Amino acid sequence: MQARSPLTEQITTALAQLRAARDQGEIERELTWQSMLDRLLDRYSQGSR
192 MQARSPLTEQ
202 ITTALAQLRA
212 ARDQGEIERE
222 LTWQSMLDRL
232 LDRYSQGSR
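Just add 191 to the spot in the sequence shown (first one is 1) and you have the numbering used here.
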């Protein structure tokens, strides 16, 4: 079983994917990554690292 990336790395990846989707004008993909980023930031703010 592969270990999950640290939360900060997951946040960085989600942000990069969100920016790429915005740059490419892919609204559905942008919303998906925005939602993922929001969930990750919520976890981070609650102390799950």
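Calculated directly from the structure, the hints in this document are not laboratory data.
A quick note: this is a predicted structure, and the numbers were derived from the prediction, not measured.
The C-beta atom is built at its ideal place from N, Cα and C for all residues, glycine as well.
There may be inaccurate statements among the hints.
Label pairs and their in silico Cβ distance ranges [to be verified]:
no.	residue 1	residue 2	range
1	Ala194	Tyr235	17 to 25 Å
2	Gly238	Asp214	14 to 22 Å
3	Asp214	Ala194	14 to 22 Å
4	Pro197	Gln225	15 to 23 Å
Here is how each hint holds up against the structure:
Look at Ala194 against Tyr235: about 18 Å separates their beta carbons, and that is inside 17 to 25 Å. In this structure the supplied range 14 to 22 Å is violated for Gly238 paired with Asp214, their Cβ-Cβ distance being about 32 Å. In this structure the supplied range 14 to 22 Å is violated for Asp214 paired with Ala194, their Cβ-Cβ distance being about 30 Å. For the pair Pro197 and Gln225, the supplied restraint of 15 to 23 Å holds, since their beta-carbon distance comes to about 21 Å.
In summary, the numbered hints that this structure violates are 2 and 3.
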